[in-house]
Structure formats: structure tokens, C-alpha cells
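Spelled out from the first residue to the last, the chains are:
Number of protein chains: 2
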Amino acid sequence: MSEHPTTGLDELVHQRHRLGILTIAAEVKRVEFGYLRETLELTGGNLSRHIAVLEEAGLLEVEKGYDGKRPKTWVHITPSGRRALAEEMAALRALVARHDS
Amino acid sequence: MSEHPTTGLDELVHQRHRLGILTIAAEVKRVEFGYLRETLELTGGNLSRHIAVLEEAGLLEVEKGYDGKRPKTWVHITPSGRRALAEEMAALRALVARHDS
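Quick note, the sequences are listed as chains A and B, same order. Reading the first sequence from the start, the letters are residues 1 to 101 in the UniProt record's numbering. Reading the second sequence from the start, the letters are residues 1 to 101 in the UniProt record's numbering.
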């Protein structure tokens with residue numbers, strides 16, 4: 001029996017908010033916390049928790065700094081994060097193709 | 001700002017094991033418990049819990065019966081289940097298209 005596409009999914013990346021964070025981070029050099037919060041319609045606390053999980057796993061890195069006088073937080077995706085996201089996307093592509101066939 | 005595709009995902013359906021159960025159930029008239037357990041590489045207890053969540057939400061129906069003398073459990077997807085899965089697949093398709101572009 002060939003493997004079902006969902007067995008290739010990892011909750012670390014598949015969880016919908018983390019998937020949102022990673023897909024946005026993959027599109028840009030770095031992304032600001034407030035932009036992620038608004039785009040993904042999350043509370044700051046919820047977003048912080050998901051970023052911490054991804055940082056702990058080495059998929060994201062967090063930078064703290066200033067935009068003028070305002071403290072800001074940015075995140076950027078790591079090479080491991082890009083690989084994990086590419087694997088998730090391959091599994092999703094297979095799942096959608098199977099569903100559409 | 002247009003909505004990010006992950007905001008259209010619902011954990012009820014998006015959770016990877018429940019997504020597996022629903023995609024398989026959508027392909028056939030009904031599916032037997034043991035087949036789901038093996039295909040999705042789940043323990044019986046874990047599979048039972050996810051089926052209960054989907055049944056409670058009205059996305060699956062469970063039938064108990066016999067195959068010869070052996071008690072068997074089958075599940076089948078409901079019209080609500082098909083709609084929920086179609087919405088999930090539309091969001092995933094948008095996400096993959098955005099990632100690939």
C-alpha cells in the first residue's frame with residue numbers, strides 16, 4: 001500500500017497558524033510581528049507562542065530592534081524552515097492532486 | 001489586504017489525521033476502521049478519538065455491523081463533511097499556488 005499523503009505532514013509545520021507564519025516568512029527577507037498578527041488575524045500572545053515553537057525547532061529566527069524609536073520584532077525563515085515548508089507543500093500538493101483526481 | 005489562505009483553514013478538518021480520514025472517506029461509499037488505521041498509521045485509540053470528533057461535528061457517520069461473525073465499524077462521509085473537505089481543499093490549493101508562484 002502506498003503511503004497516504006497525510007502521513008507526510010508534520011503538525012509542527014502543518015498547524016494552520018504556523019503554516020501561515022512560514023509561508024509569509026518564505027516570501028520575504030524578514031517580516032515584522034505586527035504584519036503577521038494582522039495578516040493572520042491572531043492575537044499577539046497566540047502569534048508569540050507559535051513563533052516560539054518555530055524558533056525552538058530552528059525553523060525561524062527572531063530579531064529584536066528599533067524602527068526609529070519604536071521597538072520592533074522581525075522574524076526570518078532559516079534554511080531548515082525552507083526545507084520543512086517545502087516538504088509540507090509537497091505533501092499538500094499530493095493531497096490536493098489525489099482529491100481532484 | 002486580501003485574506004491569507006491559512007485564515008480559511010479550520011482545525012476541525014485541517015488536523016492531519018482528520019484530513020486523512022475525510023479524504024479517504026470522500027473516495028469511497030464507506031470505509032472500514034481497520035483500513036483507516038493501517039493506511040493512516042494510527043493506533044486504534046487515536047483513530048477512534050478523531051472519528052468521534054468528526055462524528056460529533058456531523059462530518060462523518062459511524063455504522064457498526066458484522067463481516068461474517070466479526071464485528072466491524074465503518075464510517076461514511078456526510079454531505080456536510082464533503083462541503084467542509086471541499087473548503088479545506090480550496091484553501092490548500094490557494095496556499096500551494098501562492099507558494100509556487
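Don't take every hint at face value.
Said to hold, decoys possible - Pairs of lysine to any residue, SDA-like flavour, derived with a Cα cap of 25 angstroms:
| no. | chain 1 | residue 1 | chain 2 | residue 2 |
| --- | --- | --- | --- | --- |
| 1 | A | 29 | B | 96 |
| 2 | A | 29 | A | 76 |
| 3 | B | 29 | A | 96 |
| 4 | A | 29 | A | 3 |
| 5 | B | 29 | A | 94 |
| 6 | A | 29 | B | 64 |
| 7 | B | 29 | A | 3 |
| 8 | A | 72 | B | 3 |
| 9 | B | 72 | B | 96 |
| 10 | A | 72 | A | 46 |
| 11 | B | 69 | B | 56 |
| 12 | B | 29 | B | 7 |
| 13 | B | 72 | A | 3 |
| 14 | A | 72 | A | 3 |
| 15 | A | 29 | B | 100 |
| 16 | A | 69 | A | 100 |
| 17 | B | 29 | A | 63 |
| 18 | A | 29 | B | 55 |
| 19 | A | 29 | B | 35 |
| 20 | B | 29 | B | 3 |
| 21 | A | 72 | B | 7 |
| 22 | A | 29 | B | 101 |
| 23 | B | 29 | B | 55 |
| 24 | A | 72 | A | 32 |
| 25 | A | 72 | A | 35 |
| 26 | A | 64 | A | 99 |
| 27 | B | 29 | A | 100 |
| 28 | B | 29 | A | 7 |
| 29 | A | 72 | A | 58 |
Just so you know, the hints here were simulated from the structure itself, not pulled from any lab data. All values reported here derive from a predicted model rather than from experimental measurement.
Here is how each hint holds up against the structure:
1. A:29 with B:96: Distance ~20 angstroms between residue 29 of chain A and residue 96 of chain B Cα, so the pair holds.
2. A:29 with A:76: 7 angstroms, holds
3. B:29 with A:96: 20 angstroms, holds
4. A:29 with A:3: 35 angstroms, violated
5. B:29 with A:94: Holds, at about 22 angstroms.
6. A:29 with B:64: Status violated; Cα separation ~54 angstroms.
7. B:29 with A:3: Given pair residue 29 of chain B, residue 3 of chain A holds - Cα atoms ~21 angstroms apart, limit 25 angstroms.
8. A:72 with B:3: 23 angstroms, holds
9. B:72 with B:96: Cα-Cα ~38 angstroms, so violated.
10. A:72 with A:46: 17 angstroms, holds
11. B:69 with B:56: Judged against 25 angstroms, a Cα distance of about 28 angstroms means the pair is violated.
12. B:29 with B:7: 31 angstroms, violated
13. B:72 with A:3: Given that 25 angstroms is the threshold and the Cα spacing comes to 23 angstroms, the pair holds.
14. A:72 with A:3: Violated, at about 44 angstroms.
15. A:29 with B:100: 17 angstroms, holds
16. A:69 with A:100: Violated - the C-alpha atoms of residue 100 of chain A and residue 69 of chain A are around 51 angstroms apart, more than 25 angstroms.
17. B:29 with A:63: 52 angstroms, violated
18. A:29 with B:55: 43 angstroms, violated
19. A:29 with B:35: Roughly 44 angstroms between the alpha carbons, so the hint for residue 29 of chain A and residue 35 of chain B is violated.
20. B:29 with B:3: 35 angstroms, violated
21. A:72 with B:7: 24 angstroms, holds
22. A:29 with B:101: 16 angstroms, holds
23. B:29 with B:55: Within the cut-off at roughly 16 angstroms; holds.
24. A:72 with A:32: 7 angstroms, holds
25. A:72 with A:35: Since the Cα atoms of residue 72 of chain A and residue 35 of chain A sit roughly 11 angstroms apart, the hinted pair holds (cutoff 25 angstroms).
26. A:64 with A:99: 42 angstroms, violated
27. B:29 with A:100: 17 angstroms, holds
28. B:29 with A:7: Distance of about 22 angstroms is within 25 angstroms: holds.
29. A:72 with A:58: The hint holds at about 21 angstroms.
In terms of the numbered hints stated before, the structure departs from hints 4, 6, 9, 11, 12, 14, 16, 17, 18, 19, 20 and 26, listed from lowest to highest.
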